[in-house]
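**Q** Guided by the hints, dock chain B onto chain V, whose structure is given.
Those protein sequences? They're chains V and B, same order as listed. Under my numbering, the residues of the first sequence are numbered 1 to 540, in order. Under my numbering, the residues of the second sequence are numbered 1001 to 1336, in order.
Since the hints were derived computationally from the structure, they do not count as laboratory data. Just so you know, not all the hints are guaranteed correct.
Claimed, not checked - Partial selection, computed: residues in chain B whose CB lies under 10 Å from chain V:
no., residue
1, A1069
2, N1072
3, K1075
4, G1078
5, A1324
Using N, Cα and C, we set each Cβ at its ideal position, and we do this for glycine too.
Listed here are the chains, written in short residue letters.
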Amino acid sequence: MLTRGEHRASRAAGLAALMAIGLALAVPIAVLLTHGESTGVTSNQGDYLIRITRFTLMQAGLSTLLSLVFAVPLARALARRPDFAGRRWLIKLFAVPLGLPPLVAALGLIEVWGRNGVANKGLGLMGAETPFSIYGLSGILLAHVFFNLPLAVRLILPALERLPPEYWKTAANLGMSGLSLFRRVEWPAMRRSAASAAGLVFMLCATSFTLVLVLGGGPAATTLEVAIYQALRFDFDPGRAVLLSLIQISMTLIVMLVLKFLGTPAEEGETKGGGTNRPDVQGGLHLLPDAVLIGLGGLFVGAPMAAVVVSGLSADLSRLLTDALFWRAAGTSLSIGISAAALSVLLAACLVRARYSAGHRPRSVPLGLLAGLSGAAGSLTLLVPPVVLGAGWFLLLGGGAGQLLAPLMVIVLINALMALPFVMRVLEPAHQNTLERNGRLAVSLGVVGRHRLSQIDIPAMLPAFATGFVFAVALSLGDLGAIALFGSDRIVTLPWLLYQKLGSYRTADAAGLALLLGAITMALMIVAEKLGTRNGSVDR
Amino acid sequence: MRISRFIPAALAAVVPFIAGPASSADRALTVFTYESFIAEWGPGPKIEAAFEAECGCDLTWVGVADGVALLNRLKLEGDNAEAGVVLGLDTNLVAEAKATGLFEAHGLDTKAVTVPGGFSDDTFIPYDYGHFAVVYDTETVANPPASLKDLVDGEPEQKIVIQDPRTSTPGLGLLLWVKSVYGDDAPEAWEKLASRVLTVTPGWSEAYGLFTSGEAPMVLSYTTSPAYHMVAEETDRYQAAEFSEGHYLQIEVAGLLANAPDKDLAREFLDFVMTPGFQNVIPTNNWMLPAAAITMELPEAFGKLVEPKKTFLYTPEEVAENRAAWIDEWLGAMSR
Chain V
1 MLTRGEHRAS
11 RAAGLAALMA
21 IGLALAVPIA
31 VLLTHGESTG
41 VTSNQGDYLI
51 RITRFTLMQA
61 GLSTLLSLVF
71 AVPLARALAR
81 RPDFAGRRWL
91 IKLFAVPLGL
101 PPLVAALGLI
111 EVWGRNGVAN
121 KGLGLMGAET
131 PFSIYGLSGI
141 LLAHVFFNLP
151 LAVRLILPAL
161 ERLPPEYWKT
171 AANLGMSGLS
181 LFRRVEWPAM
191 RRSAASAAGL
201 VFMLCATSFT
211 LVLVLGGGPA
221 ATTLEVAIYQ
231 ALRFDFDPGR
241 AVLLSLIQIS
251 MTLIVMLVLK
261 FLGTPAEEGE
271 TKGGGTNRPD
281 VQGGLHLLPD
291 AVLIGLGGLF
301 VGAPMAAVVV
311 SGLSADLSRL
321 LTDALFWRAA
331 GTSLSIGISA
341 AALSVLLAAC
351 LVRARYSAGH
361 RPRSVPLGLL
371 AGLSGAAGSL
381 TLLVPPVVLG
391 AGWFLLLGGG
401 AGQLLAPLMV
411 IVLINALMAL
421 PFVMRVLEPA
431 HQNTLERNGR
441 LAVSLGVVGR
451 HRLSQIDIPA
461 MLPAFATGFV
471 FAVALSLGDL
481 GAIALFGSDR
491 IVTLPWLLYQ
501 KLGSYRTADA
511 AGLALLLGAI
521 TMALMIVAEK
531 LGTRNGSVDR
Chain B
1001 MRISRFIPAA
1011 LAAVVPFIAG
1021 PASSADRALT
1031 VFTYESFIAE
1041 WGPGPKIEAA
1051 FEAECGCDLT
1061 WVGVADGVAL
1071 LNRLKLEGDN
1081 AEAGVVLGLD
1091 TNLVAEAKAT
1101 GLFEAHGLDT
1111 KAVTVPGGFS
1121 DDTFIPYDYG
1131 HFAVVYDTET
1141 VANPPASLKD
1151 LVDGEPEQKI
1161 VIQDPRTSTP
1171 GLGLLLWVKS
1181 VYGDDAPEAW
1191 EKLASRVLTV
1201 TPGWSEAYGL
1211 FTSGEAPMVL
1221 SYTTSPAYHM
1231 VAEETDRYQA
1241 AEFSEGHYLQ
1251 IEVAGLLANA
1261 PDKDLAREFL
1271 DFVMTPGFQN
1281 VIPTNNWMLP
1291 AAAITMELPE
1301 AFGKLVEPKK
1311 TFLYTPEEVA
1321 ENRAAWIDEW
1331 LGAMSR
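Next up, chain V with everything else stripped away, as it sits in the complex (with noise of 0.2 Å):
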């Protein structure tokens, strides 16, 4: 409950927010638009580009295809087996990915499956005689796939465990199994949740830069992120970027809308670790497909993890923490990761209380369009990638050369904006529970404005603000898409140092770097999950 002039405030806190954003999105969509006639397409680049928006859909659409095909199975596997000793680490463990850099996933996979990883050694053994290769097209599926197969898991394991113990008892006692189970309970009970799941493993998976980047392996497996970047810092041909920018906006459009259309966003449900008794799944010998299945799971997810651990334990960490540089790069990634994400908290806090003044039925258009376009204002970074961004004002900058504070701006204004959909999912709810527990009695105590905020509401809300925080800092910590563009010898992060590090061959101190970057964005995201289940407002 708000009083009238705390309603106007959060509305004109609301808009201002939202001005900001709008801004932050339209001044490098103008630029580029005006960017636009510097140059003609060529038959040669025509070609080109069809062929890199044409590849950026296929392998979105492979890397859902298969993820889909394997989680699945897993996850059915999982719900039919809801105690076995170790399950709920499995699930914790399928949550890694989302959180890890994907510069240390991608040293993971190459020590894992690079042609003289332990899987190769492994389909040697075997008598393939082709090795599998990490480059190219192969190696940009699997790394989706180990980002996405555990993802996708997460999201459609609780819609099986949902499901009431009787429809099991039921089961058993019809003697379904197999085929027809799956068939009448199992799939008609995910299906939903398989769908979104996929729609966002399609999404994020059509918007992957540093996987491709690493891993492409040339123009033949380019998506529009990497041409992006690459026509602006390998060719520095604007216009090209311009028009590969403007693809790849209305390619994410369209998707977006699909999805839209066809259903509700994916929501990650509770997975506590037990799931419902399964009278109707023997165990005995039938224990054997599910037991492999799981184990198979667990190792193509934990396998990358480990050889990151492994290799960087054997690196020369000593060598690499007396580094001015490391300490260089480290101060530049927290900084800015702190500065990010306390804009993104600012940001959110802003919204979602616009969004709550507004109501949930609005009584008129403005404050309909006020609390849609709070609600939206997180999905619009996905529909302009940050390389995108970063291109506008890459060329509003020039380049970014001689300057320091300028692009720094940029690269934290990128950050917050992506982490600004996950944390305004962490506050949304706090601000609820706050506002239903203590607005009443703070309005008939007359405890209003500046006063409630820094006495009440505020206060209330720290440990919200405290998780959205932490994990904007860990997200801006592992991202590569914003520094790629405006890294240089004199704004190095601690992402840009590994993949400097990567590229001159330097593989000890890489595995080095990855593991410390791996290890502190995971502590961030143990820190961020605890905070946020003793609040009980998160559901990660």
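**A** Leaving out everything else, chain B in the frame of chain V:
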């Protein structure tokens, strides 16, 4: 709100981090170059020590992925580039580099320099040269390609790592090599070769790293690369393939930036490039052939290298005129 005050404060805290260490000497020179030149095992550290002993100044290297990336970076930074000398472009790029207006004639006597073809220029000084070649691992490649045509038509399962011509001078070199041999049929050749390419890297060091770690059995490098393995690792395992059509020549050059903060010091460095103090470091650290006299014996391994019977080299003007179109052609063929 406290947070809004915090953001500028946090940003301000970043700046001292980024400004980098201040130099101790009175005179300071920054040289832009490519990454492998300044690696611990590259020529950079030795040349830095030798020059600093002579000039009583502080020399700082700034490295980017590879030679073409150097030019991109200069175009991007324009007058803001805070360097005195650019070292690591090659003759293919000098016409384009001059057209940026960022370079200034060096005004030095370059008669100490001798390179094949006798390249000589008022703005750029050659500091080393070499011939591009496909280097292969004798343990996995039994029948190395004997010509560029062999390479193009060969077994697709046998992979090669190449460099991106948009960032790397070896990558550009291969593009020009294919163009020299195939002419208008180059796109078809690239389409065929694409199936043998494991990956395209932004720079030479990344590609060579992948090769030596066993990810691919062949790499685009130089005829001189095997000397490194013979001298430093005492192994004949890695060899360069001699191509019957001939090899493309690369002459690497250094130039003076018009905006150099200390032009006299920059010229001093360019003069130093032509002396044995610099040239002696080149053969066994950059693994290229020296462009001026050296005062040491070349290791015996250099006598065992492939010596191309024919060399290709486009003039800088030809490359400047066609580079964009040829790269588009390459992108078109490689993305097919």
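**Q** Hint by hint, which ones does the structure fall short of?
**A** none
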